[in-house]
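S.K.: Build out the structure end to end from the sequences listed, making use of the hints.
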Amino acid sequence: MAAPRLQLNVPNFRFANGRTITLPALEVHPGEIVVLRGRSGSGKSTLLHLACGVLALPPELGDAAIEAQSIAGLDQTARDRLRPRTVAWIPQRVHLLSALDVMDNTLLSFRFAGAKKNEGDERRAASQLDSLGLGALHHAMPETLSVGQASRVSVARALAADPKLICADEPSASLDRESSALVAKAFARYASAGGAMLLATHDDEFVQQLTANDASIRTISLESP
Amino acid sequence: MIIRLTRKYIESSLWTFLLAVSLCAMAIASIVAIVWLQETLEAHASRQAKGIDLVVGAKGSGLQNTLAAIYHADVPNGNIPLSAVNQLAAHPMIARTEPISLGDSVGGARIVGARNTYFDLYEATPAEGSLPQAPLDAVLGANVAKRLQLKIGDRFVGAHGLAEGGEAHDSHPYTVVGVLRPTGRVIDELVVTPLESVWIAHEGHTASTEPEVTFALLTLRSPIAMATLPRQINGQTNLHATSPANESARLLSNFGWVAVIVKAFVFALILGATLATFAALSQALERRQIDVALLRAMGVSRANVGKLLIAEALAIVVCAAAMALLLVGLAAYWLAHAALPGLALNIGFGLTVFAVAAVSAVLLALVASLPTLIRAYRLDVAAQLSRT
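Respectively, the protein sequence lines represent chains A and B. With the working numbering as the guide, the letters of the first sequence map in order to residues 14 to 238. With the working numbering as the guide, the letters of the second sequence map in order to residues 957 to 1344.
I should point out that these hints are in silico values taken from the structure, not numbers from a laboratory. Do not rely on the hints blindly, as some may be mistaken.
Label-pair ranges, simulated between beta-carbon atoms [as the list claims (entries may be wrong)]: (1) B:Lys1219 x A:Gly54: 58 to 64 Å; (2) B:Tyr1333 x A:Ser234: 25 to 31 Å; (3) B:Arg1243 x A:Gln82: 33 to 39 Å; (4) A:Ala29 x B:Leu1282: 46 to 52 Å; (5) B:Arg1243 x A:Arg27: 41 to 47 Å; (6) B:Ala1311 x A:Asn25: 58 to 64 Å; (7) A:His152 x B:Arg1243: 57 to 63 Å; (8) A:Gly54 x B:Lys964: 35 to 41 Å.
20 Å max Cα-Cα, derived EDC-like pairs, lysine to aspartate or glutamate [unchecked claim]: (9) B:Lys964 x A:Asp216; (10) A:Lys198 x A:Asp216; (11) B:Lys964 x B:Glu1203; (12) B:Lys1107 x B:Glu1084; (13) B:Lys1006 x B:Asp1093; (14) B:Lys964 x A:Asp114.
Quick reminder that beta carbons are idealized off the backbone N, C-alpha and C, glycines included.
M.R.: Here you go:
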C-alpha cells in the first residue's frame, strides 16, 4: 500500500476556550475516501480543520502529517501555503465572492497573489465546472446561481487546484439528488486518479452514490460528545 | 484582482464611500486652502511694502498711516510740508525719498500725486501710452483701467475725498496718458498723476501757504538706520515715521484668534474625515467577514487580504485628493481672476502643500484602517465557514 497522504493522531484536542474532545487516529491513503461519521459536536469538523491547516495544532497535543511532512506547530503563514495545492478545503458554509464570476471564483486562489498561475489551472477549472453540470455558467455571477449550483462551484474550486488531499465538510448538504450524484462522481474520479479525501457527512445516500461510482471508501465513526 | 474586487466592493456601498470621500476631500481642500491662502496673503502684503522701509506722515496713528500710504485702505492723518520731506531726502541714512499726495479719487480708485520715480518703486511700466509728462496727466493702474473702462485720451474729473460721492473738481479734468501693465501690487488699483496735479486741484482748499504732500515713502541705507531713524524723526520733528513691516505684523497679531478658530475647524474636519474612513472600512469588513474568511481558506495570505482592505482606504484617499485638487484649483482660479485680481498665487507652494496634505491623508487612512486590519488578522476562519 502507498504511503499515507494524511496521518493524524490527536488523541485529545483542546480548544482555546478550554473544551476538550477525543479524536480518533486516522490515515488517508492515495485513492481513498475516508468518511467521518458522527453526531454534531463529535469532532468531524475539527478533524477537517486540523487536516487542512485552518486550525493550529500545537505539537504537545499530537501530530498531523501530509505525505510524512508534519504540519503540527506550523505558524499560520506556513499553514496557509498548504492550501489549495497541497490540501483543499470545501467548507460547510457555501460561499462565493459576489464580485467575481463563476470561473474567477473557481480560480480564486490562483487569480489572487497566493498561488502561482499556470496554464493548466483554467483548463482544469473549466473541465471541473463542466463535469459538475455548470458548463453554461462559467461567466455567471454568484447572485444568479441557486444554492446547489453555488455549492457545486465550491466543489469545482477545490478539485481545480488538483490537491493531494481534499477535506470536505458536508458537501452534499444543499444538493438535490441529481447534483449530489454529479459531485459523488467527481469525487470518485478524483480518488481513482490518486487523490485522497477526508469527508465529513451525515448523508447516507451521498455515500451510496460514492460507492456506486467505485470509490474506495473507509468509514470512521466518531464518539458522541 | 485586488483592484477589481475593490471596485466591486465600492459599488456595493457607494453612499458610504462617497461620504468618506467627501469628508476627506473637504479636510484636504481646507488644509491646502488655508495654508496656501495665508502664505499668499502674507506674500501679497509684504510685496506691497517692498522697497519701503518707513512711511513718514502727519502725527497720529502709525497703523493708519501705513494702511493709507502702502495699502491705500485708510485715510491719512493729515498732510506734511514738502520742505520737511526735502530735508529728510538730504539725510545720509536715507537712500530714497518718494513723496506722495492723496486726497481725491475717481470711481473709487485713489488718485495719487507722485513723481515718475514712484513707478520704479512698483516696477510698473506702461502697457499703453506713456508716463505723466505734465500736471493733470494721469496714468491708470491695470485694474482701474479695466474697471472704469477708460482709455488713452479720455478725460475724467476727480472727486474730493477717498471714497465715492465726494465733491467733483470739475474745473480740473485729468487726461489719461497711459495705462500700466499689471504688477500684482497696489499700484494696479491707483491713478497716478504728478504731485502738481493735486496742488492744482486743491488750490484754495487748503490753509497752508507752502506746498504739502501726504506721505514720504523712505528707503533706508542700512538696518542701523531702521533702528535709529524712526525715533529720531518722531522725537525731533512734527512728522510721524512708521515701519510698515512692524505695523503689518502688529495688525496680523491682533487677528491671532482667527487663526486659532480656523485651525480648530480644520482639525475637526481632519478628525471627521479619519472617523468617516474608519467607519467605512469597519462597515466594509463587517459585511465582508465571510469573504475574508473564504480568501483565507483558499490560502490567500493575511498580507494579501490586508492589501485588499487597504486598497479600499487608499481608494477613498485618492478620490478625495483628486476632488480636493479640483476644489482648490477652482477656488484659486476664482480668487485670482474674479475676487482679488492681481493676487499673485505661488502655484509651486500650493502644489507642495497639496502633496504634503495628500501624503498625510494616506498615512491617516492607513492608521484608520489599522483596527480593521487587526480584526481581519484575528478572524476565526474555521468558525466563519462552519456557520450554516
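S.K.: All the hints need checking, so say for each whether the structure fits it.
M.R.: Hint check results:
1. B:Lys1219 x A:Gly54: 58 to 64 Å: 60 Å, holds
2. B:Tyr1333 x A:Ser234: 25 to 31 Å: Given a distance of about 37 Å, which is not inside 25 to 31 Å, the answer is violated.
3. B:Arg1243 x A:Gln82: 33 to 39 Å: Given about 37 Å between the Cβ atoms, the range holds.
4. A:Ala29 x B:Leu1282: 46 to 52 Å: At 51 Å between Cβs, range holds.
5. B:Arg1243 x A:Arg27: 41 to 47 Å: 33 Å, violated
6. B:Ala1311 x A:Asn25: 58 to 64 Å: 60 Å, holds
7. A:His152 x B:Arg1243: 57 to 63 Å: Hint violated: Cβ distance 24 Å, outside 57 to 63 Å.
8. A:Gly54 x B:Lys964: 35 to 41 Å: 37 Å, holds
9. B:Lys964 x A:Asp216: Violated, because 37 Å separates the two Cα atoms, which is more than 20 Å.
10. A:Lys198 x A:Asp216: 15 Å, holds
11. B:Lys964 x B:Glu1203: 58 Å, violated
12. B:Lys1107 x B:Glu1084: It holds: about 9 Å lies between the C-alpha atoms, which stays within 20 Å.
13. B:Lys1006 x B:Asp1093: Violated - the C-alpha atoms of B:Asp1093 and B:Lys1006 are around 26 Å apart, more than 20 Å.
14. B:Lys964 x A:Asp114: With Cα atoms ~12 Å apart, B:Lys964 and A:Asp114 stay inside 20 Å; holds.
The structure does not agree with the numbered hints 2, 5, 7, 9, 11 and 13 stated previously, though it agrees with the rest.
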